[in-house]
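Asker: Based on the hints, put chains D and X in the right spot on chain S.
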Amino acid sequence: MGLIVGVILVSAGVILFVMMPVLRGDWAVMGRSDDEVTEVDARKQTALRGLRDAEYDFRSGKLDQADYELLKSDLARQALEAMEEESAAGHLIDEGAPPEAAAKPAESTTSEAEGDRLEAEIARVRKGMAEGRTCSACGHLNVKKSLFCTGCGGRLGEVPTEARDAVSG
Amino acid sequence: MILLGELALWIALPVGIWGAVAGFVGGRKERGDLVLSGEHCVYAVFFLLVLTSAGIITAFVTDNFEYWYVANYSNRELPLFYKVAGLWAGQRGSLVFWVLLLSFFSAAAVFTNRTKNREFMPYVVGVLLTISSFFLVVLLFADVNPFERLPFAPADGRGLNPQLQNYWMTIHPPTLYLGFTAFTIPFAFAMSALLSGKLDTRWILITRRWILLSWFFLANGIIFGMRWAYEMLGWGGFWFWDPVENASLLPWLAATAFLHSIQIQENRGMLKVWNMGLVTLTFLLTIFATFLTRSGLIESVHTFAENTKIAFIFLAFMGVMAGCSALLIAWRYPQLKSENQIQSFLSRESAFLFNNLILLGAAFSILWGTLFPLITEGLTGTAIAVGPPFFNRVNLPIGLALMALMGIGPVIAWRRASRRNLVKNFRMPVIVGSMVVAALFLRGVHHGMALLTFGLSAFVMTIIIVEFVKGTKARARIEGEGHLLAFYHLVSRNRRRWGGYIVHVGVVMIFTAFAGVAFNRELIQTVDPGDTITIGSPFGHEYTLTYQGLSSPRGKNMVRQAVALMTVERNGRPIESLTAEKVLYVKWESSPLTIVGINSYILEDLYLILENVNDLGGAFENEAGAQRATFKVQVNVLVGWIWYGGFVVTLGGIIAMWPSRGSTRTAPRTKTGGKRPALAARS
Amino acid sequence: MKENGKFFVGLGGVALVVTYLIWTGVSESMLYYLTPVELMARVEQDPTFHQVGVKVSGRVERGSWSRAEDELLHHFTVIDLLDESVRFPVEYRDILPDTFNDTENVDVVIEGRFREDGVFEATVVLAKCGSRYEATAEELLG
Numbered sequence: 034m035g036l037i038v039g040v041i042l043v044s045a046g047v048i049l050f051v052m053m054p055v056l057r058g059d060w061a062v063m064g065r066s067d068d069e070v071t072e073v074d075a076r077k078q079t080a081l082r083g084l085r086d087a088e089y090d091f092r093s094g095k096l097d098q099a100d101y102e103l104l105k106s107d108l109a110r111q112a113l114e115a116m117e118e119e120s121a122a123g124h125l126i127d128e129g130a131p132p133e134a135a136a137k138p139a140e141s142t143t144s145e146a147e148g149d150r151l152e153a154e155i156a157r158v159r160k161g162m163a164e165g166r167t168c169s170a171c172g173h174l175n176v177k178k179s180l181f182c183t184g185c186g187g188r189l190g191e192v193p194t195e196a197r198d199a200v201s202g
Numbered sequence: 002m003i004l005l006g007e008l009a010l011w012i013a014l015p016v017g018i019w020g021a022v023a024g025f026v027g028g029r030k031e032r033g034d035l036v037l038s039g040e041h042c043v044y045a046v047f048f049l050l051v052l053t054s055a056g057i058i059t060a061f062v063t064d065n066f067e068y069w070y071v072a073n074y075s076n077r078e079l080p081l082f083y084k085v086a087g088l089w090a091g092q093r094g095s096l097v098f099w100v101l102l103l104s105f106f107s108a109a110a111v112f113t114n115r116t117k118n119r120e121f122m123p124y125v126v127g128v129l130l131t132i133s134s135f136f137l138v139v140l141l142f143a144d145v146n147p148f149e150r151l152p153f154a155p156a157d158g159r160g161l162n163p164q165l166q167n168y169w170m171t172i173h174p175p176t177l178y179l180g181f182t183a184f185t186i187p188f189a190f191a192m193s194a195l196l197s198g199k200l201d202t203r204w205i206l207i208t209r210r211w212i213l214l215s216w217f218f219l220a221n222g223i224i225f226g227m228r229w230a231y232e233m234l235g236w237g238g239f240w241f242w243d244p245v246e247n248a249s250l251l252p253w254l255a256a257t258a259f260l261h262s263i264q265i266q267e268n269r270g271m272l273k274v275w276n277m278g279l280v281t282l283t284f285l286l287t288i289f290a291t292f293l294t295r296s297g298l299i300e301s302v303h304t305f306a307e308n309t310k311i312a313f314i315f316l317a318f319m320g321v322m323a324g325c326s327a328l329l330i331a332w333r334y335p336q337l338k339s340e341n342q343i344q345s346f347l348s349r350e351s352a353f354l355f356n357n358l359i360l361l362g363a364a365f366s367i368l369w370g371t372l373f374p375l376i377t378e379g380l381t382g383t384a385i386a387v388g389p390p391f392f393n394r395v396n397l398p399i400g401l402a403l404m405a406l407m408g409i410g411p412v413i414a415w416r417r418a419s420r421r422n423l424v425k426n427f428r429m430p431v432i433v434g435s436m437v438v439a440a441l442f443l444r445g446v447h448h449g450m451a452l453l454t455f456g457l458s459a460f461v462m463t464i465i466i467v468e469f470v471k472g473t474k475a476r477a478r479i480e481g482e483g484h485l486l487a488f489y490h491l492v493s494r495n496r497r498r499w500g501g502y503i504v505h506v507g508v509v510m511i512f513t514a515f516a517g518v519a520f521n522r523e524l525i526q527t528v529d530p531g532d533t534i535t536i537g538s539p540f541g542h543e544y545t546l547t548y549q550g551l552s553s554p555r556g557k558n559m560v561r562q563a564v565a566l567m568t569v570e571r572n573g574r575p576i577e578s579l580t581a582e583k584v585l586y587v588k589w590e591s592s593p594l595t596i597v598g599i600n601s602y603i604l605e606d607l608y609l610i611l612e613n614v615n616d617l618g619g620a621f622e623n624e625a626g627a628q629r630a631t632f633k634v635q636v637n638v639l640v641g642w643i644w645y646g647g648f649v650v651t652l653g654g655i656i657a658m659w660p661s662r663g664s665t666r667t668a669p670r671t672k673t674g675g676k677r678p679a680l681a682a683r684s
Numbered sequence: 360m361k362e363n364g365k366f367f368v369g370l371g372g373v374a375l376v377v378t379y380l381i382w383t384g385v386s387e388s389m390l391y392y393l394t395p396v397e398l399m400a401r402v403e404q405d406p407t408f409h410q411v412g413v414k415v416s417g418r419v420e421r422g423s424w425s426r427a428e429d430e431l432l433h434h435f436t437v438i439d440l441l442d443e444s445v446r447f448p449v450e451y452r453d454i455l456p457d458t459f460n461d462t463e464n465v466d467v468v469i470e471g472r473f474r475e476d477g478v479f480e481a482t483v484v485l486a487k488c489g490s491r492y493e494a495t496a497e498e499l500l501g
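Note that the protein sequences, when read in sequence, are chains S, D and X. Each residue of the first sequence is one higher than the one before, starting from 34 at the first, in the numbering used here. Each residue of the second sequence is one higher than the one before, starting from 2 at the first, in the numbering used here. Each residue of the third sequence is one higher than the one before, starting from 360 at the first, in the numbering used here.
Chain S extracted, bound-state conformation:
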């Protein structure tokens, strides 16, 4: 007897649980929500991560100065492109999204937190280059207004022209 009751309970419960969404018309979310990784986002992250890796590789002596500059400008361009695309796309999604999705507050997730941190890091490096604090010979980031690099002793502010072109181009 107990068995029969148990079986009926289990099967009825399972069937009800499984079929309820169809019967009641509950819908699962099908589209992406606005806070998760998008394809553009992934590209941006990749580029930023690439920049960080490149800087690390350069500083630990795996990359030549020239290669580093080339890679850096290339990656920075990719990252910027992705960021621009993202802000453009973000606009579109905001308009098209269902009200409840749009109503959700913008929140910080792993990817964004990491992205922010990376962006900050990249910005700092770029600023350093612009201010002439990053040594062009060894890549060491010096204290403001230094005249000579504490990393290699070379004179600061002598960015090789081809590297400068690569960065700005």
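Accuracy of the hints is not assured; some may be wrong.
[Claimed, not checked] Below, a list of computed lysine-lysine pairs in the DSSO-like style, where the Cα atoms sit at most 27 Å apart:
#: 1; chain 1: D; residue 1: K471; chain 2: D; residue 2: K310
#: 2; chain 1: D; residue 1: K557; chain 2: D; residue 2: K588
#: 3; chain 1: D; residue 1: K199; chain 2: D; residue 2: K338
#: 4; chain 1: D; residue 1: K117; chain 2: D; residue 2: K199
#: 5; chain 1: X; residue 1: K365; chain 2: D; residue 2: K425
#: 6; chain 1: D; residue 1: K338; chain 2: X; residue 2: K365
#: 7; chain 1: X; residue 1: K487; chain 2: D; residue 2: K310
#: 8; chain 1: X; residue 1: K487; chain 2: D; residue 2: K557
#: 9; chain 1: D; residue 1: K588; chain 2: X; residue 2: K365
#: 10; chain 1: D; residue 1: K425; chain 2: D; residue 2: K474
#: 11; chain 1: D; residue 1: K310; chain 2: D; residue 2: K338
#: 12; chain 1: D; residue 1: K557; chain 2: D; residue 2: K471
Hints in this document: simulated from the structure, not taken from any laboratory.
Answerer: Coordinates of chains D and X only, in the frame set by chain S:
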């Protein structure tokens, strides 16, 4: 409870099939209600399989020998521990256990993605439930139902094979199965990416942690298996290139390759087709391993008639899965174009590609060697087997090449590396490696391959240590942090990279341990109480073992035990003594089980086997005259480094998998998408 | 492209080396995997077969095992799984696996050389009490 478990298995099948259909149709037609129903099916199947497993375990614990499966793998006196483990002791229970784990991971995947990555979920649900349903069909219709009843209830079961009555039995198979089943999740996401056309890198980003998890369990499962073999079955060996062992190694090799090649796709947008192929291959190999370990297809080439049905069902399933995946890849081929090209031959992506090719070469050679008897029998009528020499010969150079790559990889930058920097970075490690080789050679190590292995391992270790030091220094300089903090941040900010390096250290330790086998020593001697056996270690000292005689206690589920005691001296100084046993288990009176004694030291193990007791019957009765026995004593060099390496691999794996800070979502979320939208909005 | 060219040469090289290793590995370590009946037929046909390493799967004849006193030398007889009249003696000098015995129907796979004197000199013995792993209903009754 048992009957409920059996019925739950029957209910699970229609639920699984409905869920799979609902997932696919819901995804295609964008019917959110069907998708939600499919997701509920995933939870329901998991729940039902918990009931089924509970039913089987209940049958074991309550000694219900009316069930064929219980009667074959248990007996009344079996300790509770092993009765519970009876769930995976045999083929039938293992299949249930497999679906149980798969449905658990499926439920976990659906649950963690209930508010994100929604575009993928319909097809993920479809694929996962298709696979679960396949296993349920096998369980119910391929003569392997664990609830099959005998026409009568035997008074007692036949007992669990004594070789399985070891604590590793409760650890090793579940770990491997966790690894096998966890890999189904990345496969399902990959297929979903193909089906839904979301072919960017997201499916990899989503499943990265799953891939690591699966890899982690596979690696640990394999190492546990080696440890089990070393303690129980191996007479001091740990790997025998036995088909079942090979089958567990194959998915690990493919998963390792995949783990590296996805990084190329993440970083460079290349190899999209390759990764799709590799995820399918790895998944198929987990299925292959699952059925090979329990079907006995290979070992008994001439007597395999008993299990052909299930073997063919599985082969057909693998064929269908491979076909579907290939068709999907072909269909989406235009969208899977590479975004970039290899910029330089000297780049990390190129090193990773070589690593992929070499790992797959190893996997192929092992698969080929394992299936060789079947292939040759099919082609020529005469089976030809290849033994351990084949596997060693092929995989030794492959292993060395992989070691070299583990050293080269970290030093080469992504995209391009300059030759001059390479030379500079390699100088010190090469010098260290050569110095190690020279020092060992002068100390009398003249085994070429072993020297090469030790040299390479010193080379790789140096590179990795230098990497850590340089990384810490660079970070300390960039961020102006103290070195300790910089080191912590270095690892915690890029866990996958640095955790990966730690895993490499573990793997190198394990490879180094393999080379130690070349220096093992062994000795066989028959002794009476009071006699001594002396064996030298390759490190120069000498062990003297004095035989103290046999005693005969009785343990649980054992008929009799004969325990031989040896006191041990090292260069004349007494150290920990050793025991070795012969045990007769209840229900297995005709084959005594040999239990070895191991004393482990950092660089070597002293390993004692009680080969034979002249008068075992007399020894069991504690007769004074029945004490003469034959022993095999071994000094196994460096074997402990396999297990130490295993710990390091585990540590590195955990670091790589550890969730990053801030990954927990804090915002409130809506549970479902709400009600069906108005028709106008959908059209 | 130059870099791609270099690259494919490298990959092709690796593939070739692996193929070479497999090829030579197979030809150096291959063993015929036979039943006792097939082994007897082979040897009759071609006496040089005595020199070749073979792997044979058969069954241990009940009551045939003996062990030389104080010596690690085991003798037993292997019979064909289907034709029990085909048998040959085996010599083995190492530790036998725990699953080996001569009181039940134990299936063995032995590796070694079938000597001219009709004795099989085994270097590897694997045993599996096939019938013990999964019993039929009748066996459980007994």
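Asker: Hints first: check each against the structure and report whether it holds.
Answerer: A quick look at each hint next to the structure:
1. D:K471 x D:K310: Outside the cut-off at roughly 58 Å; violated.
2. D:K557 x D:K588: holds (13 Å)
3. D:K199 x D:K338: holds (13 Å)
4. D:K117 x D:K199: holds (14 Å)
5. X:K365 x D:K425: Judged against 27 Å, a Cα distance of about 23 Å means the pair holds.
6. D:K338 x X:K365: Holds. K338 (chain D) to K365 (chain X) sits at ~21 Å (cutoff 27 Å).
7. X:K487 x D:K310: Distance of about 21 Å is within 27 Å: holds.
8. X:K487 x D:K557: holds (25 Å)
9. D:K588 x X:K365: Cα-Cα ~64 Å, so violated.
10. D:K425 x D:K474: holds (18 Å)
11. D:K310 x D:K338: violated (41 Å)
12. D:K557 x D:K471: Violated, because 57 Å separates the two Cα atoms, which is more than 27 Å.
Checked against the numbered hints given earlier, the structure breaks hints 1, 9, 11, 12 and satisfies all the rest.
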